[in-house]
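Student: Those protein sequences? They're chains A and B, same order as listed.
Counting with numbering that gives the first Met the number 0, you get residues 0 to 278 for the letters of the first sequence.
Counting with numbering that gives the first Met the number 0, you get residues 0 to 243 for the letters of the second sequence.
If you're looking for bench data, these hints aren't it; they were derived computationally from the structure.
Take these hints with a grain of salt, some might be off.
Calculated pairs, SDA-like style, for lysine to any residue (alpha carbon to alpha carbon, straight line, at most 25 Å) [said to hold, decoys possible]:
1) A/K79 to A/G119
2) A/K28 to A/D16
3) A/K89 to A/H76
4) A/K116 to B/L155
5) B/K13 to B/A24
6) B/K235 to B/P169
7) A/K79 to B/C88
8) A/K89 to B/R138
9) A/K116 to B/K13
10) B/K235 to A/L104
11) A/K116 to B/P161
12) A/K135 to A/E120
13) A/K89 to A/L118
14) B/K235 to A/D143
15) A/K116 to B/L154
16) A/K141 to A/E108
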Amino acid sequence: MPSPETRVGQPLISLRDVHLSFGSNRVLKGIDLDVQRGQAVSIIGPSGSGKSTILRCITGLLPTERGSIRVGDTDVHALKSEAQRIELRKRVGFVFQQYNLFPHLSVLENLVIAPRKVLGETATNAEKHARELLAKVRMEHKADAYPGQLSGGQQQRVAIARALAMRPELILFDEVTSALDPETVGEVLTVIRELTEEGMTCVLVTHEMRFAEDISDVVYFTENGLIVEHGSPEHIFQRPTNERTQTFLRHALGDAGRRPVASGDPFLLSNISRYSLSV
Amino acid sequence: MTDLLELFVQAAAKFGLNYGFLLDAYQRGSLVNGAITTIALCAFTIVGSLLAGLALAAMLTSGRPWFARPARVFIEVTRNTPTLVQLYCAFLVLNMLLTQAVGAANPLTPFAWVVIVISLHKGAFHAEALRAGIEAVPRVTLEAASSLAFSRRQLLWNVQLPLAMRFALPSLINNLIDLVKMTAVASAIAVGDITYASIMIWTQSDNVLELMILLLAFFGLLSFVVNCVGRALEAKLRMPGYGH
Ligand SMILES: Nc1ncnc2c1ncn2[C@@H]1O[C@H](COP(=O)(O)OP(=O)(O)O)[C@@H](O)[C@H]1O
Ligand SMILES: [Mg+2]
């Protein structure tokens, strides 16, 4: 693994002119995106605009047609063999909207299986690490439960711990709160917030606008397979220059439009309201 | 043991059933051998059919037409023709051709032919059950495994098959219970299974009703054992929070 010093200034993730189609459906039409080590970057935009596809491309689950994707020193677009993709995925965590835990394994086994089988960790070490991670996401009391016995928010926290168990360099979150009922969204967002505060590199696709505004270093707005606008959260949420961004945010934040930011603290966690566009 | 048998024979006689042949060492011996043969047939065909089913299901779901197409044709032909006819075809035609080719060196006994034919026949049904199970594993679950850097093999053995197995289990048990009863076709080519042994006895001593009852009870018991093992497996593999 390259030492951080040698990589100063060079982004951990870098997408250039990435194109991808499903049959005749052109889904990505030239995506440029950079993520620096330690940053939290959010991708917002309407459903079907290609956000999940971008994340899948980054971890090599989907092959690109044109353009380049670099993660650290790896040219993802040029990976040929399964072994190379496995090396990449060891470094990149992925958390899904539908949790996708393994239903036949207990919570602890879900966390232990990949480090044991893929990284070759010993059972003792893997289990010790797993229990630490469960404590971190406040799920240690459910180590022996099965996914089917947990609420959505609990399953999602386990899924985050499962990704962390591989000690990834970065984690991709794909609408991880969209399937949750409003009461449990907060518990998952809290976990993600803590991760970003610890300096974990995170890429989040999200419909939680306030949350994205609060934790992100950079926000990207996608529409129709293109990055329409990107910049600091203040830029995107307070003074978006593109008309499409403005329209999207007006709908996402409620038709009344965004209230002018009052002085004081507009970013209280309790202010997080939930506007979901996905079906 | 013999005392118990005598008691049973006396008791049955009160109901007008003549189980006297059980006291005859030769007839009793051939029945016991028949029972052992049937149990051996079941054991071999259960294993054989599961292996055949696994291989066929692997071909069906390989995504390669060169494997999937022949497997599909084989399954359709196999499950749409009677087992008895298949057994006659195999034993009377294939076996004869084989004997003509290699003479006395032909290693396949009638017993082996029954195991092969029933294994392939039930294998076709297992394959469909397994295919349904494999296809029922959500794509996203497999994607999650891929994202955790599982290799194709690790994904298959740790996620896809364990889940597919659970989905397919009720159908597989169903097939296996049917398989137990199906072994009776062995009598058609004079393999000395329990059915054949019974026929041999009743053609000589006219105990049809008594032997029928014995046969039914024996097969019922065997099926029941398979059923119990199946249910125990289902209970053991049950995923808490899913189903019921
Ligand atoms: N596996 C797939 N096969 C075919 N089309 C797909 C597939 N995945 C996504 N798409 C299409 O790609 C487009 C973008 O999808 P997606 O990246 O999931 O959007 P988003 O995450 O922004 O809602 C949609 O039109 C969707 O229908
Ligand atoms: Mg999506």
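Student: Each hint: holds or not?
Tutor: For each hint, the structure was consulted:
The straight-line distance between the Cα atoms of A/K79 and A/G119 is roughly 23 Å, inside the 25 Å bound, and the hint therefore holds. Distance restraint check for A/K28 and A/D16: the Cα-Cα separation of roughly 8 Å lies within the 25 Å cut-off, and the hinted pair is therefore satisfied. The hinted pair formed by A/K89 and A/H76 meets the criterion: a straight-line CA distance of about 17 Å does not exceed 25 Å. Note on A/K116 and B/L155: the hinted pairing holds, with a Cα-Cα distance of about 13 Å set against a maximum of 25 Å.
For the hint linking B/K13 to B/A24, the alpha-carbon distance of about 23 Å falls within 25 Å, and the restraint holds. Between B/K235 and B/P169, the direct Cα distance comes to roughly 13 Å. Compliance with the 25 Å bound is thereby established for this hinted pair. Under the criterion of a C-alpha separation no larger than 25 Å, the hint pairing A/K79 with B/C88 is inconsistent with the structure, at around 49 Å. Proximity of A/K89 to B/R138 is assessed by CA-CA distance (about 20 Å); at most 25 Å being required, the pair is judged to hold.
The straight-line distance between the Cα atoms of A/K116 and B/K13 is roughly 66 Å, outside the 25 Å bound, and the hint therefore fails. For the given pair, B/K235 sits about 13 Å from A/L104 by alpha-carbon distance, which is consistent with the 25 Å threshold. In summary, the hint linking A/K116 to B/P161 is supported, as the alpha carbons are separated by about 16 Å, within the 25 Å threshold. Proposed proximity of A/K135 and A/E120 is supported: the alpha carbons are some 20 Å apart, at most 25 Å.
The hinted pair formed by A/K89 and A/L118 meets the criterion: a straight-line CA distance of about 8 Å does not exceed 25 Å. In summary, the hint linking B/K235 to A/D143 is supported, as the alpha carbons are separated by about 16 Å, within the 25 Å threshold. For the given pair, A/K116 sits about 10 Å from B/L154 by alpha-carbon distance, which is consistent with the 25 Å threshold. As the CA atoms of A/K141 and A/E108 are separated by approximately 12 Å, the hinted pair is consistent with the 25 Å bound.
Checked against the numbered hints given earlier, this structure breaks hints 7 and 9; the rest are met.
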